[in-house]
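Work out the full structure, taking the sequences as your base and the hints as a guide.
Protein chains: 2
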Amino acid sequence: MALNKAPYKGTQDFFPAQMRLRNYVFDKMSEISEHFAYEPYDGPLLEEVELYMAKSGEELINDQIYSFIDRGDRKVAIRPEMTPTVARMAAQVHREVTKPFRWYAIPNLMRYEKPQKGRLREFWQYNADIFGAPEGLGEIEILQLAVGIMKGLGATHEHFEILLNDRRLVDNIFQKLFCLSPEEAKKLYKVADKVKKIDEAAIKKMTALIITDDKKAELFYQYLKLDNFTDLKMFLQQNDLMADSQDFLTFVNRLEKFALTTYVKFDPSIVRGLDYYTGVVFEIFDKHPENRRAIAGGGAYANLLQIFNEPALPGVGFGLGLVTLTDFLTTHKLLPDLVKASVDVLMAYISPAAEQECFMLAQKIRSFGISTELMFGETKPKKAFTQAEKKHYRFIVLMGDEEMNKNEVQIKNLETREQQNVSIQDMEKITRIFKGN
Amino acid sequence: MALNKAPYKGTQDFFPAQMRLRNYVFDKMSEISEHFAYEPYDGPLLEEVELYMAKSGEELINDQIYSFIDRGDRKVAIRPEMTPTVARMAAQVHREVTKPFRWYAIPNLMRYEKPQKGRLREFWQYNADIFGAPEGLGEIEILQLAVGIMKGLGATHEHFEILLNDRRLVDNIFQKLFCLSPEEAKKLYKVADKVKKIDEAAIKKMTALIITDDKKAELFYQYLKLDNFTDLKMFLQQNDLMADSQDFLTFVNRLEKFALTTYVKFDPSIVRGLDYYTGVVFEIFDKHPENRRAIAGGGAYANLLQIFNEPALPGVGFGLGLVTLTDFLTTHKLLPDLVKASVDVLMAYISPAAEQECFMLAQKIRSFGISTELMFGETKPKKAFTQAEKKHYRFIVLMGDEEMNKNEVQIKNLETREQQNVSIQDMEKITRIFKGN
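The listed protein sequences derive, respectively, from chains A and B. Each residue of the first sequence is one higher than the one before, starting from 1 at the first, in our numbering. Each residue of the second sequence is one higher than the one before, starting from 1 at the first, in our numbering.
A couple of the hints might just be wrong.
It does not matter which identical chain is used: a pair holds within one copy or between any two.
Stated by the list, open to error - Keeping only pairs whose Cα atoms sit at most 20 angstroms apart, straight-line, the calculated SDA-like set for lysine to any residue is:
#1 Lys257 with Ser30
#2 Lys257 with Tyr189
#3 Lys114 with Arg71
#4 Lys333 with Glu290
#5 Lys55 with Ala6
#6 Lys28 with Ser342
#7 Lys9 with Phe68
#8 Lys225 with Ala202
#9 Lys28 with Glu39
#10 Lys382 with Asn253
#11 Lys28 with Ile106
#12 Lys117 with Leu335
#13 Lys197 with Leu177
#14 Lys380 with Gly132
#15 Lys382 with Val93
#16 Lys383 with Val97
#17 Lys114 with Ala6
#18 Lys287 with Leu153
No lab work stands behind these hints: they were computed from the structure.
Written out as structure tokens, the structure is:
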């Protein structure tokens with residue numbers, strides 16, 4: 001029976017055109033991360049399941065994780081997210097390295113999800129984290145970095161916005177104002193998270209199960225309508241929560257002073273699904289009306305190192321998925337044309353006798369950093385030109401009997417149509433022609 | 001209970017110093033592959049197990065594969081090698097793309113092996129393959145590419161050699177000369193494979209179980225002693241096998257003419273463990289007496305697309321693992337110093353009032369492609385200089401009350417010790433200083 005040629009369900013084959021696109025995006029991400037003095041890292045593909053049990057939340061563990069028992073009877077999982085891994089790694093070295101330390105990675109992750117637009121079971125996700133920054137400043141830098149990457153990819157505040165909230169603020173409002181227990185407050189997170197996805201009646205029904213007092217429920221609906229920092233501040237003032245929200249208000253003040261409010265908006269529904277967040281949480285949203293989706297998410301987590309019995313070390317980080325980002329860049333026409341490979345030189349031999357010289361000359365040209373494709377077997381010039389038209393070659397190099405006898409090659413510039421014969425001994429001239437200097 | 005900080009058994013955490021090393025090696029591999037007009041691709045992390053059952057061989061399936069049943073009852077495996085995936089992908093597109101086509105990838109793979117020097121359970125492996133090349137020429141180019149990558153990493157023929165054989169040749173000798181069935185010949189592969197690892201007596205014992213005729217066994221020992229193409233040719237001549245070995249002899253002739261014999265040597269023990277090879281097989285060996293190990297392996301496979309019910313399409317490829325390659329580069333001192341991050345600018349504020357300006361200026365400087373680390377919180381100049389000494393910063397930028405009042409920053413070149421104050425409005429001058437022009 002013939003085997004299936006399709007990739008495993010929910011995964012993707014990256015053929016060269018897709019892979020060039022992925023490389024373009026990843027190279028930009030790496031470049032800009034390095035501009036921010038973030039250092040690269042990576043962790044293993046598999047982790048022991050316990051690592052996720054501690055702080056990632058029930059949904060991830062119960063429904064989404066790819067876990068199995070290995071041959072040594074350990075329960076392991078293919079990494080569904082990177083934060084637990086980076087926390088584990090930070091726990092190993094945080095005593096020795098200068099703080100804050102800044103790391104980024106672009107791992108492949110897997111979650112058992114229903115494949116749909118923007119979501120695959122195997123996905124690539126950029127991650128950046130800063131550990132040990134003073135209150136509020138790591139958050140600012142992470143937002144600057146997120147903006148920097150989006151801008152590096154050609155996006156502006158017309159294309160995207162960053163919707164932001166703070167778990168401490170939410171907890172204050174939910175627990176102090178609505179008089180909920182921490183467990184009840186957590187249930188109310190899920191209602192807030194749903195506000196843009198389901199209708200008002202459904203929200204009220206869900207809310208009624210958690211907040212029984214009508215006045216308090218009304219306040220919750222008021223909270224859900226806040227959509228900017230000014231109204232939020234007024235709400236806090238009216239409800240006597242200013243003093244409890246000082247850290248967040250100082251942070252908002254910085255956002256305003258540092259010109260980040262061009263990108264960053266308050267959003268009461270942003271709470272993030274993962275258990276470990278303890279402060280600022282945010283998502284990058286596509287502003288395009290037909291593609292209103294989160295393309296990145298992150299936040300601050302104060303206590304993740306404690307699961308390794310290490311002292312608390314505050315971290316802030318975010319993840320940015322390749323699939324949603326690519327959709328975003330495509331929607332806004334921000335991608336360069338990467339369909340065709342760009343090769344400098346197509347070399348062909350018109351006489352079988354030139355095979356040896358061509359193989360050796362191609363190798364020499366490549367050693368000067370010039371990409372060279374050699375056509376195999378005796379070729380007619382016309383066939384070489386037809387092939388040259390298919391891809392983005394800049395030059396065509398031919399060798400036939402005549403050139404062989406003179407120890408030369410014929411070089412044609414495919415843009416200017418200029419053509420010349422050059423001695424194959426004269427590598428300086430040959431490389432100068434290809435490098436255009 | 002505290003969680004384990006160590007990575008899962010047999011896997012590796014890549015902290016920034018190791019990751020910079022990995023990036024250095026991968027970037028070189030990609031760069032040189034592109035010089036050879038190889039295009040990047042990638043496949044999924046998981047494949048259905050059947051893909052490996054077809055052609056990878058028993059050892060891989062029974063002992064080394066990480067397989068499990070997914071939530072949809074499919075038997076899947078974490079990819080233990082890349083060739084079946086690239087064949088599956090080639091099977092999808094080979095009708096549409098111009099042949100030959102050339103692809104490379106640098107995937108992470110997993111095998112359930114006993115962790116030891118040069119071997120981890122999760123490992124990164126460069127792979128390059130060419131499909132649809134005429135007989136013998138794809139093999140030549142793949143060897144040129146292997147040499148090109150090794151040279152690109154600073155290695156010469158003094159550091160490594162390529163040991164090569166041909167399965168067709170081996171089958172001819174084993175089946176025609178020793179009168180073995182294909183199954184017996186395959187068993188004899190394993191004896192050949194062991195010749196450098198176990199002593200002569202053990203080899204003879206193993207051989208006796210397969211070749212009962214003493215004269216033929218003697219011929220096999222003769223074969224095992226061949227260590228260059230000249231002696232091999234003599235052996236073939238003496239045993240009347242020249243006519244049957246024409247393809248390989250033509251290939252050897254090309255190796256000689258194309259100056260590849262500087263690197264490539266005949267080795268009778270190279271047969272490769274994977275079932276799918278059908279022609280030339282080779283391994284790159286470290287020549288260092290204390291590190292005599294294979295750092296890469298590959299070969300030609302003619303029939304891999306048939307498992308997808310597609311017509312045969314000849315392929316040639318090789319894989320080069322990161323761990324063994326890094327050991328090789330370390331042994332021969334070919335690695336640059338990548339322990340420290342290289343950041344252009346360290347910026348610090350000596351007065352809390354300068355925080356806003358510094359955050360905004362750092363962001364501006366980065367947008368010109370200059371890597372800039374901002375020290376958080378009010379800092380003393382001495383502390384900034386101490387930190388600057390720790391990493392490879394090229395410049396230090398300070399802003400205190402005095403500079404604030406004049407709208408300036410103080411910029412110090414840490415190499416020349418030159419120091420100057422520059423207006424923060426004058427981004428042209430600031431970037432010119434950092435770019436050194």
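Tested hints:
| no. | hint | verdict |
| --- | --- | --- |
| 1 | Lys257 with Ser30 | neither (28 angstroms within a copy, 43 angstroms between copies) |
| 2 | Lys257 with Tyr189 | neither (30 angstroms within a copy, 72 angstroms between copies) |
| 3 | Lys114 with Arg71 | between (29 angstroms within a copy, 12 angstroms between copies) |
| 4 | Lys333 with Glu290 | within (14 angstroms within a copy, 55 angstroms between copies) |
| 5 | Lys55 with Ala6 | between (35 angstroms within a copy, 18 angstroms between copies) |
| 6 | Lys28 with Ser342 | both (18 angstroms within a copy, 18 angstroms between copies) |
| 7 | Lys9 with Phe68 | both (18 angstroms within a copy, 15 angstroms between copies) |
| 8 | Lys225 with Ala202 | within (16 angstroms within a copy, 81 angstroms between copies) |
| 9 | Lys28 with Glu39 | both (14 angstroms within a copy, 19 angstroms between copies) |
| 10 | Lys382 with Asn253 | neither (68 angstroms within a copy, 30 angstroms between copies) |
| 11 | Lys28 with Ile106 | both (12 angstroms within a copy, 19 angstroms between copies) |
| 12 | Lys117 with Leu335 | within (19 angstroms within a copy, 43 angstroms between copies) |
| 13 | Lys197 with Leu177 | neither (25 angstroms within a copy, 75 angstroms between copies) |
| 14 | Lys380 with Gly132 | between (65 angstroms within a copy, 19 angstroms between copies) |
| 15 | Lys382 with Val93 | neither (62 angstroms within a copy, 25 angstroms between copies) |
| 16 | Lys383 with Val97 | between (59 angstroms within a copy, 15 angstroms between copies) |
| 17 | Lys114 with Ala6 | within (17 angstroms within a copy, 32 angstroms between copies) |
| 18 | Lys287 with Leu153 | within (16 angstroms within a copy, 45 angstroms between copies) |
The structure is inconsistent with the numbered hints 1, 2, 10, 13 and 15, although it conforms to all the rest.
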